[in-house]
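Engineer: Sequence lines, in order, name chains A and B. For the first sequence, my numbering begins at 1 and goes up steadily by one. For the second sequence, my numbering begins at 1 and goes up steadily by one.
Bear in mind the hints are in silico, worked out from the structure with no lab data behind them. Owing to the predicted nature of the structure, the values given are computational and were not obtained by experimental measurement. Even for Gly, the Cβ is constructed at its ideal location relative to N, Cα and C. A couple of the hints might just be wrong.
[What the hints assert, rightly or not] Simulated pairs of lysine-lysine, BS3-like, Cα-Cα distance not exceeding 30 Å: (1) B:Lys65 / B:Lys11; (2) B:Lys11 / A:Lys94; (3) A:Lys54 / A:Lys94; (4) A:Lys94 / A:Lys66; (5) A:Lys94 / B:Lys65; (6) A:Lys66 / A:Lys54.
[Stated by the list, open to error] Stretch-level coverage of chain A by chain B, calculated; a stretch enters the list once three of its residues show a Cβ under 8 Å from a Cβ in chain B: (7) 23-36; (8) 41-51; (9) 64-75; (10) 95-101.
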Amino acid sequence: GDQVEQSPSALSLHEGTGSALRCNFTTTMRAVQWFRKNSRGSLINLFYLASGTKENGRLKSAFDSKERYSTLHIRDAQLEDSGTYFCAAPGGYKVVFGSGTRLLVSP
Amino acid sequence: EAAVTQSPRNKVTVTGGNVTLSCRQTNSHNYMYWYRQDTGHGLRLIHYSYGAGNLQIGDVPDGYKATRTTQEDFFLLLELASPSQTSLYFCASSEVGGGYAEQFFGPGTRLTVL
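Please take these sequences and the hints and turn them into a complete structure.
Structural biologist: Take a look at the structure:
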């Protein structure tokens with residue numbers, strides 16, 4: 001079965017607001033990586049965490065391997081934050097991706 | 001300067017056509033990967049390699065071959081393209097495999113098979 005469950009599948013925010021994306025794992029993962037696919041289709045690395053939290057500008061991510069989840073918080077959303085966000089975690093020999101969250105930020 | 005590059009960025013071919021997608025990384029990474037990304041599926045691993053001359057099968061390998069000619073270069077080959085292979089293809093590299101290190105992605109190649 002799926003090892004990475006990502007939610008929500010879609011999210012709409014107004015500029016200046018915030019929300020959280022979440023990935024639940026069916027097994028204990030050693031790390032998590034978050035990406036954004038932008039309007040040009042490129043995958044942008046956001047975070048790589050083996051534990052704890054990391055923050056970069058208006059984005060903050062947390063990873064709890066024991067509780068089997070990771071979150072990505074977006075605050076003060078801007079139009080350019082729109083895109084599809086993916087989490088990914090090691091699954092044996094490979095990295096397993098969540099199905100993505102499509103974020104639309106509107107004025 | 002981009003460390004993982006892909007070419008072409010866009011490709012249109014016909015059913016039965018022969019397509020080669022190229023990826024080059026200048027990270028000096030051992031591992032390279034080919035994924036396809038379709039709406040609702042996230043990224044799915046096609047093939048990967050842990051060094052020149054090595055090839056490992058991923059989760060969705062059917063219809064695809066790959067070859068790692070050097071540490072820098074990893075190619076994905078579709079010898080008889082089918083419409084089901086219309087997708088966005090990403091190449092990635094990492095220093096080690098299995099998620100022990102961050103993966104770095106190329107800009108993607110959009111392939112359309114008519």
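Engineer: Look at each hint and say if it fits the structure.
Structural biologist: Each hint, compared with the structure:
no. : hint              : result
1   : B:Lys65 / B:Lys11 : holds, 17 Å
2   : B:Lys11 / A:Lys94 : holds, 27 Å
3   : A:Lys54 / A:Lys94 : holds, 23 Å
4   : A:Lys94 / A:Lys66 : holds, 20 Å
5   : A:Lys94 / B:Lys65 : holds, 18 Å
6   : A:Lys66 / A:Lys54 : holds, 17 Å
7   : 23-36             : holds (count 5)
8   : 41-51             : holds (count 5)
9   : 64-75             : violated (count 0)
10  : 95-101            : holds (count 5)
Hint compliance for this structure: hint 9 alone is broken.
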